[in-house]
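Q: Chains as they are written, first to last, in the working numbering: chain A, 80 to 282; chain B, 29 to 194; chain C, 37 to 139; chain D, 240 to 633.
Because the hints were derived from the structure by calculation, they are not lab data.
Here a beta-carbon is modelled for each residue, glycine too, at the ideal position from N, C-alpha and C.
Some hints here could point you the wrong way.
Here are some chain B residues pointing at chain D (derived, C-beta under 10 Å) [claimed, not checked]: (1) Leu34; (2) Arg51; (3) Phe78; (4) Ser115; (5) Ala152; (6) Val153; (7) Val183.
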Amino acid sequence: MFGEGILKGLAETARNFLGSYVSKKRLTTVQYPEERLPQIEAYRNFPFLVYDGEDWQQGLRCVSCFICEKECPPKCIFIEKSTDKKPDAVGKPQFYPTVFNIDVSVCMSCQICVEVCPFDAIKMDTDFELSTDNRFSGLLWDKKHLAKSNEHYHKIHPTEAAVVDAQLAAERAKVAAKAKAAAEAKPAAAPATPPPVPAATEK
Amino acid sequence: MTATFLILAAITIAGTVAAMAMRNLVHCVLALTLGFAGLAALYLQLGAQFVGLTQVLVYVGAVAILAVFVIMMTQKPAQTTESIFSSFWLTGSLIAALVFAVLGWAIYSSRLTSAIVSPHVEAAVRPIGDALMHRFVLPLEIMGLLLTAALIGAVVVAIQEKRGSA
Amino acid sequence: MSSLTSYLLVSALIFSIGLAGALTRRSAILVLIGIELMLNAANLNFIAFWRYGPNPQALTGVMFAIFSIGIAAAEAAVGLGIVLAVYRHSKTTELDQMNSMKG
Amino acid sequence: MHSAIQQADQIFVALQHRVAGYLPVKFQSIADVILSVIAIVLVFAFLFAVTTVLERKGLGRIQNRYGPNRVGPAGFFQPLADGVKSLTKEDLVPRAADQAVHFMAPVLLVIAAFLAYAVLPVGRNMVLADLNAGVLFFFAVGTLVELAVFMAGWSSRNKYSLLGAMRAIAQMISYEVPLVLASIVVIMAAGSLSTVSIVNMQTGYSGIWPHWFVLTPWGFAGFNLFMIAATAESNRSPFDLPEGESEIIAGYYIEYSGFKFALFFLGEYLGMFATSGLAITLFLGGWAAPFSFLTWIPSYLWFFAKLLLMIAIFIWIRGTLPRLRMDQLMNFAWQFMLPMTLINVFAAGVWHFMPGGVIRWLVCAVLLIVPAVLLSRGLKQGKKFEARTYRFAE
Numbered sequence: 080m081f082g083e084g085i086l087k088g089l090a091e092t093a094r095n096f097l098g099s100y101v102s103k104k105r106l107t108t109v110q111y112p113e114e115r116l117p118q119i120e121a122y123r124n125f126p127f128l129v130y131d132g133e134d135w136q137q138g139l140r141c142v143s144c145f146i147c148e149k150e151c152p153p154k155c156i157f158i159e160k161s162t163d164k165k166p167d168a169v170g171k172p173q174f175y176p177t178v179f180n181i182d183v184s185v186c187m188s189c190q191i192c193v194e195v196c197p198f199d200a201i202k203m204d205t206d207f208e209l210s211t212d213n214r215f216s217g218l219l220w221d222k223k224h225l226a227k228s229n230e231h232y233h234k235i236h237p238t239e240a241a242v243v244d245a246q247l248a249a250e251r252a253k254v255a256a257k258a259k260a261a262a263e264a265k266p267a268a269a270p271a272t273p274p275p276v277p278a279a280t281e282k
Numbered sequence: 029m030t031a032t033f034l035i036l037a038a039i040t041i042a043g044t045v046a047a048m049a050m051r052n053l054v055h056c057v058l059a060l061t062l063g064f065a066g067l068a069a070l071y072l073q074l075g076a077q078f079v080g081l082t083q084v085l086v087y088v089g090a091v092a093i094l095a096v097f098v099i100m101m102t103q104k105p106a107q108t109t110e111s112i113f114s115s116f117w118l119t120g121s122l123i124a125a126l127v128f129a130v131l132g133w134a135i136y137s138s139r140l141t142s143a144i145v146s147p148h149v150e151a152a153v154r155p156i157g158d159a160l161m162h163r164f165v166l167p168l169e170i171m172g173l174l175l176t177a178a179l180i181g182a183v184v185v186a187i188q189e190k191r192g193s194a
Numbered sequence: 037m038s039s040l041t042s043y044l045l046v047s048a049l050i051f052s053i054g055l056a057g058a059l060t061r062r063s064a065i066l067v068l069i070g071i072e073l074m075l076n077a078a079n080l081n082f083i084a085f086w087r088y089g090p091n092p093q094a095l096t097g098v099m100f101a102i103f104s105i106g107i108a109a110a111e112a113a114v115g116l117g118i119v120l121a122v123y124r125h126s127k128t129t130e131l132d133q134m135n136s137m138k139g
Numbered sequence: 240m241h242s243a244i245q246q247a248d249q250i251f252v253a254l255q256h257r258v259a260g261y262l263p264v265k266f267q268s269i270a271d272v273i274l275s276v277i278a279i280v281l282v283f284a285f286l287f288a289v290t291t292v293l294e295r296k297g298l299g300r301i302q303n304r305y306g307p308n309r310v311g312p313a314g315f316f317q318p319l320a321d322g323v324k325s326l327t328k329e330d331l332v333p334r335a336a337d338q339a340v341h342f343m344a345p346v347l348l349v350i351a352a353f354l355a356y357a358v359l360p361v362g363r364n365m366v367l368a369d370l371n372a373g374v375l376f377f378f379a380v381g382t383l384v385e386l387a388v389f390m391a392g393w394s395s396r397n398k399y400s401l402l403g404a405m406r407a408i409a410q411m412i413s414y415e416v417p418l419v420l421a422s423i424v425v426i427m428a429a430g431s432l433s434t435v436s437i438v439n440m441q442t443g444y445s446g447i448w449p450h451w452f453v454l455t456p457w458g459f460a461g462f463n464l465f466m467i468a469a470t471a472e473s474n475r476s477p478f479d480l481p482e483g484e485s486e487i488i489a490g491y492y493i494e495y496s497g498f499k500f501a502l503f504f505l506g507e508y509l510g511m512f513a514t515s516g517l518a519i520t521l522f523l524g525g526w527a528a529p530f531s532f533l534t535w536i537p538s539y540l541w542f543f544a545k546l547l548l549m550i551a552i553f554i555w556i557r558g559t560l561p562r563l564r565m566d567q568l569m570n571f572a573w574q575f576m577l578p579m580t581l582i583n584v585f586a587a588g589v590w591h592f593m594p595g596g597v598i599r600w601l602v603c604a605v606l607l608i609v610p611a612v613l614l615s616r617g618l619k620q621g622k623k624f625e626a627r628t629y630r631f632a633e
């Protein structure tokens with residue numbers, strides 16, 4: 080019959096229309112600012128610098144080795160090395176970046192900096208509500224703006240953060256064990272010479 | 029000679045003069061539709077409601093759009109700058125002026141027009157229908173035949189031969 | 037000046053404008069439009085005489101106008117069809133250049 | 240009790256006379272006309288605003304989403320937001336455009352759309368102009384819309400807009416013929432062209448059933464054909480080819496922005512209301528109540544209830560049917576609609592001259608259903624619908 084397809088179509092849309100008033104689960108829209116979709120763990124947006132402990136200045140894992148700056152395809156990372164040293168995540172005294180800028184308007188969130196970083200100092204954040212009123216300085220993030228705590232890292236990428244923490248803990252244990260062994264060998268060999276290694280700060 | 033008649037006559041004549049004097053063909057047709065609408069309003073003012081509405085329906089709706097379609101199909105790319113009037117424009121306009129003078133004189137001098145004073149008569153549609161079906165039924169049938177013939181004729185004349193034997 | 041004369045004068049004016057257009061304009065379509073105007077002027081006369089004529093009940097003027105509108109529409113259609121056919125054949129709608137009957 | 244109903248029914252007419260009464264007698268008729276014009280413009284512009292929201296919410300619900308619910312309670316201030324947006328947007332006119340014609344097109348479109356309401360009887364003796372040839376006036380004004388569409392398409396000097404205008408005009412003209420023929424059926428039965436007398440013919444009740452024309456076989460067929468042609472006439476839903484976004488961007492109103500663009504939408508919606516208003520007047524008994532025991536509700540409420548029902552059906556169809564191709568559109572008009580309307584006129588003639596009763600119903604119903612099935616099979620049999628073979632897909 081000629082109108083058969085039309086009638087079936089009309090019946091389908093009518094069922095949809097009335098169904099949407101009967102059961103709310105038919106409606107797929109998420110009212111964005113009020114409701115939010117659950118965060119997907121593998122999602123990444125722009126990088127951030129991880130720091131351990133409370134003080135972000137001291138706890139910053141980054142040792143300004145410039146690898147990420149060299150590797151970054153659009154060249155949006157700018158680092159300046161410090162002159163003095165501070166103990167890094169594992170306790171060894173290392174340099175640290177006095178200036179660490181990322182131009183977010185250039186960054187294409189390709190995650191290469193995270194892959195090449197030997198010290199797990201830079202990870203990808205999942206925050207996407209980043210509108211600013213100034214598109215030049217507003218989108219050039221400095222070290223202070225980039226630094227985020229390890230807990231935040233655990234919150235956004237739990238599994239990955241756990242793996243990174245396990246490795247760091249193993250390294251700290253190794254360094255501590257080496258330091259302890261050196262400390263015992265030291266009194267046996269030459270108790271007179273003062274120990275050159277400063278005391279490792281236990282975490 | 030009421031005010032409305034003067035306004036409507038002015039619109040109609042302005043429309044027709046513009047239709048004949050414009051350079052761009054589409055502007056001519058649009059001015060023509062204004063003229064036809066003015067004429068339809070004159071018919072309504074004269075009480076012939078059915079004819080006025082048919083005039084709008086047939087002319088403004090169909091003939092104007094038809095003319096515009098043909099203009100679109102015969103659009104010449106090169107807009108020639110020389111005059112839009114043909115070579116013998118002077119003789120043509122003289123003849124037209126002469127015709128108007130003769131008509132004007134005939135109307136003005138005839139005794140018939142001054143004598144008639146008649147009540148306002150409103151042409152209802154039903155008498156027109158009855159007249160069409162009783163006294164004018166033969167012309168109606170012939171008109172139907174003629175319109176069908178014109179329909180087929182226009183299509184046959186204007187259609188593109190498939191074999192391309194231009 | 038009774039209103040009948042005014043209507044007749046207006047229709048005479050429209051008729052002469054249509055005639056002037058038909059005679060002087062270069063494009064074939066404009067000539068057809070000129071003819072349309074002449075037909076319309078005649079219609080206006082019919083309705084004017086019906087309105088101010090002796091026997092309005094007879095509706096002859098209105099009938100004439102209705103039939104003339106129909107025929108004018110048919111004429112316009114066929115006329116424009118011919119203009120189209122001529123354009124397809126000789127690629128021009130200028131009347132001055134349509135002076136050869138060569139097939 | 241009866242006078243209260245009568246008063247409620249005639250409340251607007253009385254209001255009009257009271258307001259017009261303040262003026263000297265000479266100006267009263269003009270004042271009446273002006274007041275009804277103001278009323279029509281306000282009511283239908285408000286209805287336009289409401290319909291834009293209903294349409295977007297309805298389409299949303301059909302597609303399993305909410306539709307505008309941010310501006311105002313459940314989104315009902317959305318037309319205000321749209322209006323302000325279209326007013327504040329810059330009104331660009333292309334340099335090559337023909338200024339005068341470009342400006343006149345939307346104006347003519349809206350004037351033609353509003354003119355069509357002069358003959359629609361919105362309630363008991365609530366009609367602006369009780370013309371003797373009301374339906375003819377409606378169709379005469381309807382043709383002005385085609386002219387406005389052409390002016391819009393041509394004056395913007397844009398290939399797509401001219402193409403869209405030509406498509407729209409071709410569609411409107413080829414669907415005007417079935418539209419007029421479908422309404423001729425009612426004029427034959429009612430014996431008059433005046434919309435008011437057509438509605439008065441339909442106000443009687445036998446038992447509880449009204450004397451609407453839609454309840455006769457030719458009336459039902461005529462109503463369906465009229466609505467299909469009306470959808471095509473106002474360029475909506477399955478026939479919205481001229482403004483098919485996917486093919487030719489936005490058809491004839493590409494080069495319009497700001498308020499003129501909003502005027503085109505106003506014109507389109509008003510055209511839709513006008514043709515559905517005429518369908519209600521011709522087939523659904525204008526302001527007549529559907530059952531005899533419901534006549535105590537004022538008459539104008541019935542007209543607008545039916546109008547809202549028609550709008551809901553328009554939205555429903557828009558949410559369901561895909562767009563027709565140009566050749567399907569034309570074939571459907573000339574090979575299905577035109578023959579069906581002519582047969583419908585014949586069926587109405589048979590209905591008129593046959594004695595009443597069930598036989599008349601059967602004869603007319605058969606007279607309409609058989610050609611419908613044959614014509615529809617004719618339309619379908621031209622197409623070869625066997626399974627498609629893909630060279631690379633599978």
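Q: For every hint, state whether the structure bears it out.
A: For each hint, the structure was consulted:
1. Leu34: For Leu34(B), the interface hint is violated, since the closest Cβ of chain D sits about 19 Å away, which is over 10 Å.
2. Arg51: 12 Å, violated
3. Phe78: Hint holds; Phe78(B) Cβ to chain D Cβ min 5 Å, cut 10 Å.
4. Ser115: At 29 Å from the nearest chain D Cβ, Ser115(B) fails the 10 Å test, so the hint is violated.
5. Ala152: 5 Å, holds
6. Val153: Status holds, d = 5 Å.
7. Val183: Check failed: Cβ of Val183(B) comes no nearer than 12 Å to chain D, outside 10 Å.
Hint violations for this structure: numbers 1, 2, 4 and 7, all remaining hints satisfied.
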